[in-house]
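2 protein chains.
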Amino acid sequence: MGEISSKACIAVDVMGSDRGAGAIIAGVCQALKENKGDIKIIAVGDEGEIKENLRLHGFYKDSRIEIHHASQVIEMSEKPIQAMRSKKDSSMMRAIDLAKIGAADAILSCGNTGALMAAGTIKLRTMAGIERPALGAVIPRDGKNFILVDVGANPDPRPTNMLDNAILGANYARVAGIVEEGKMPKVGLLSNGTEDGKGNMLTQNAHILLNNSKNVVNYAGLIEGFQVFQGDCDVIICDGFTGNVLLKTLEGIMKMLKGMLKEELTSNILRKFGALLSMGAFQGVKNRLPVEKFSGAPLLGLNKLIVKGHGSSDKAQVAGALGIAIKCVRRRLNESIEKDLAKIQLEAEKKKAVESETRNENE
Amino acid sequence: MGEISSKACIAVDVMGSDRGAGAIIAGVCQALKENKGDIKIIAVGDEGEIKENLRLHGFYKDSRIEIHHASQVIEMSEKPIQAMRSKKDSSMMRAIDLAKIGAADAILSCGNTGALMAAGTIKLRTMAGIERPALGAVIPRDGKNFILVDVGANPDPRPTNMLDNAILGANYARVAGIVEEGKMPKVGLLSNGTEDGKGNMLTQNAHILLNNSKNVVNYAGLIEGFQVFQGDCDVIICDGFTGNVLLKTLEGIMKMLKGMLKEELTSNILRKFGALLSMGAFQGVKNRLPVEKFSGAPLLGLNKLIVKGHGSSDKAQVAGALGIAIKCVRRRLNESIEKDLAKIQLEAEKKKAVESETRNENE
Numbered sequence: 001m002g003e004i005s006s007k008a009c010i011a012v013d014v015m016g017s018d019r020g021a022g023a024i025i026a027g028v029c030q031a032l033k034e035n036k037g038d039i040k041i042i043a044v045g046d047e048g049e050i051k052e053n054l055r056l057h058g059f060y061k062d063s064r065i066e067i068h069h070a071s072q073v074i075e076m077s078e079k080p081i082q083a084m085r086s087k088k089d090s091s092m093m094r095a096i097d098l099a100k101i102g103a104a105d106a107i108l109s110c111g112n113t114g115a116l117m118a119a120g121t122i123k124l125r126t127m128a129g130i131e132r133p134a135l136g137a138v139i140p141r142d143g144k145n146f147i148l149v150d151v152g153a154n155p156d157p158r159p160t161n162m163l164d165n166a167i168l169g170a171n172y173a174r175v176a177g178i179v180e181e182g183k184m185p186k187v188g189l190l191s192n193g194t195e196d197g198k199g200n201m202l203t204q205n206a207h208i209l210l211n212n213s214k215n216v217v218n219y220a221g222l223i224e225g226f227q228v229f230q231g232d233c234d235v236i237i238c239d240g241f242t243g244n245v246l247l248k249t250l251e252g253i254m255k256m257l258k259g260m261l262k263e264e265l266t267s268n269i270l271r272k273f274g275a276l277l278s279m280g281a282f283q284g285v286k287n288r289l290p291v292e293k294f295s296g297a298p299l300l301g302l303n304k305l306i307v308k309g310h311g312s313s314d315k316a317q318v319a320g321a322l323g324i325a326i327k328c329v330r331r332r333l334n335e336s337i338e339k340d341l342a343k344i345q346l347e348a349e350k351k352k353a354v355e356s357e358t359r360n361e362n363e
Numbered sequence: 001m002g003e004i005s006s007k008a009c010i011a012v013d014v015m016g017s018d019r020g021a022g023a024i025i026a027g028v029c030q031a032l033k034e035n036k037g038d039i040k041i042i043a044v045g046d047e048g049e050i051k052e053n054l055r056l057h058g059f060y061k062d063s064r065i066e067i068h069h070a071s072q073v074i075e076m077s078e079k080p081i082q083a084m085r086s087k088k089d090s091s092m093m094r095a096i097d098l099a100k101i102g103a104a105d106a107i108l109s110c111g112n113t114g115a116l117m118a119a120g121t122i123k124l125r126t127m128a129g130i131e132r133p134a135l136g137a138v139i140p141r142d143g144k145n146f147i148l149v150d151v152g153a154n155p156d157p158r159p160t161n162m163l164d165n166a167i168l169g170a171n172y173a174r175v176a177g178i179v180e181e182g183k184m185p186k187v188g189l190l191s192n193g194t195e196d197g198k199g200n201m202l203t204q205n206a207h208i209l210l211n212n213s214k215n216v217v218n219y220a221g222l223i224e225g226f227q228v229f230q231g232d233c234d235v236i237i238c239d240g241f242t243g244n245v246l247l248k249t250l251e252g253i254m255k256m257l258k259g260m261l262k263e264e265l266t267s268n269i270l271r272k273f274g275a276l277l278s279m280g281a282f283q284g285v286k287n288r289l290p291v292e293k294f295s296g297a298p299l300l301g302l303n304k305l306i307v308k309g310h311g312s313s314d315k316a317q318v319a320g321a322l323g324i325a326i327k328c329v330r331r332r333l334n335e336s337i338e339k340d341l342a343k344i345q346l347e348a349e350k351k352k353a354v355e356s357e358t359r360n361e362n363e
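Line by line, the protein sequences give chains B and S. Under full-length UniProt numbering, the first sequence has 329 at position 329, and the numbering climbs by one with no breaks. Under full-length UniProt numbering, the second sequence has 189 at position 189, and the numbering climbs by one with no breaks.
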């Protein structure tokens, strides 16, 4: 898929992350080096801090960066709705406001997830046809990355929300380059087994809906946990509870394994020497699981895209997340979602018309 | 915890696994070498095959093994209820029958999970006070293994089922040696965040119940995915859908990582040499995650214990699973669960009495 539109303006919440303005501005500058063309970044936050950091990276006079001052910061520990109400002049709220009034096409924030999702949903509203937004995450898998939706926006979805997740995820997969241009991403529904009658009630009902929507979604059916990394689905959908638990547990086990391997490989001189000789192998594994490139999870289904970066994002991760936001805007993610929703709507209307006709004939 | 009772009689379904009678009998013989004392194994299945395999391992005349012939085998692909009804003389059904009539204390099967759970629940019934059984799995974690309950028995539990899972899991943790003798296992409830209001409806309601049952369960509160491998809970409880997805996905990612590392380490002569020198490190990581020892998942909460082994279990895994069954019987797992259930019951009655008194006073 080519870049349909070259213009992209992203409002960046500079203040609310764990590492503060320094890491975010470093990432913004990195992204501007990596992404060419007509890009505008509105850096939202403390003007002094932003200027200082821009100077540090030699981007002080870059015309692609605009500063929008905000006097407050929402902390990680604050309660979402309360923070949203009491900190109207926070970098996060101001960034969302800029998207709301049309001054920005999308938002990047590495701040308080709850506040971002709540304020984003309330201020930007869901797209027509979408009841609840969903968080999508690109997960590295050897050979072929995949997208997991929802990783935490909606822990108690209804079956129709799961169909929406499939549409949102498939369109994001196209835009993020998970599938080749023109291809329909293969969508699997995560379950506790693939046999008939397996799954919880939600999964069973979503399975029926998805089977009836194959003209819009390339639905591959139920998949079980083994198939997440051993299979070839481009998009894996699940409720936001399971997705969140899964994503965070996977991060945890990767961290544990990395730590253990490092400890063991450095525990004596022989092992250290061996590790040095086979260093390329460890780098090879790392290269086959490119995590940094996909460190932003977009909140899909709102009228303007919000990309949520990890709270502890470093320069590379911020640049990666910003790259995702730019890609989604340029490739018109939301327009593409709207088209699929229109198809689903049309299908539903046709079905209704046939039913009503049948009813009239029977009367 | 010492061995309270030394006697244990386990009925083993020899036929229904992926690898057939050979692997199961090999595992049985291995377990008899590893576990001393008064053990009896009833090998249930084709008499000829069992005898042949026992001869192979030099256990043909071992008085600890008894053969119970069964003429049928339930295949992995069969539908549970149908298989249960049509194959009354299958090794699995006969093994369950032996436990039902009191001829065996517990059952080990590596066969069709659905059939085992359905027949086990119907024939053996849940313990008084338990509505639904739960599958527990010991998961290796560096430093301190933990138990995940439920990994698939009940995909749509009610909040009270989650409290039962906590009791079942904590008692299993004590018996399996996850905690030191006399210690209360630390129980965490898996959620999509630990802040107030996080979790799906089920988790939120289970959280309230667990908070009110701290005299029976050492409840540590909500934990999120990061804490599964980075934290120190001895027992992690969740619904059977999430648990099953999580367990299988973890197995999948471990398999992927192992495969990738092997490929990379053998891709050229230098790396191969390096890997040879640091071989001890890889063995070290493996030793810190002892998978084989815990390859059986008990179906907890039935009147007789059923241990489910992996369908593809090899000798070591069968021996490990059988070791778990023996341990649970000897350490009187079900008696210990009953005591906790009685405490919960007593607490509920007290509460009711106080409420009724208050009502009478107010009238």
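Just so you know, these hints were derived from the structure itself, not from any lab. Each hint should be verified, as a subset may be incorrect.
Estimated spans, in silico, between C-beta atoms of each pair [stated by the list, open to error]:
1. S/D232 with B/S267: 19 to 27 Å
2. S/D18 with B/Q345: 30 to 38 Å
3. B/K258 with S/D314: 27 to 35 Å
4. B/D18 with S/K343: 42 to 50 Å
5. B/G197 with S/E52: 31 to 39 Å
6. B/D314 with S/K272: 29 to 37 Å
7. B/R125 with S/N205: 26 to 34 Å
8. B/D38 with S/Q283: 51 to 59 Å
9. B/D18 with S/I208: 30 to 38 Å
10. B/K272 with S/G311: 55 to 63 Å
11. S/D142 with B/S63: 24 to 32 Å
Straight-line Cα separation of at most 25 Å, DSS-like style, residue types lysine-lysine; simulated pairs [said to hold, decoys possible]:
12. B/K258 with S/K100
13. S/K144 with B/K262
14. B/K79 with S/K198
15. S/K51 with S/K79
16. B/K272 with S/K100
17. S/K272 with B/K262
Note that the structure is predicted; figures quoted are calculated from it, not measured. No residue lacks a Cβ here, since even glycine has one placed at the ideal position from N, Cα and C.
Inset, instruction - Starting from the hint list further up, note which numbers the structure goes against and sort them upward. - result: 2, 10, 11, 12, 15 and 16
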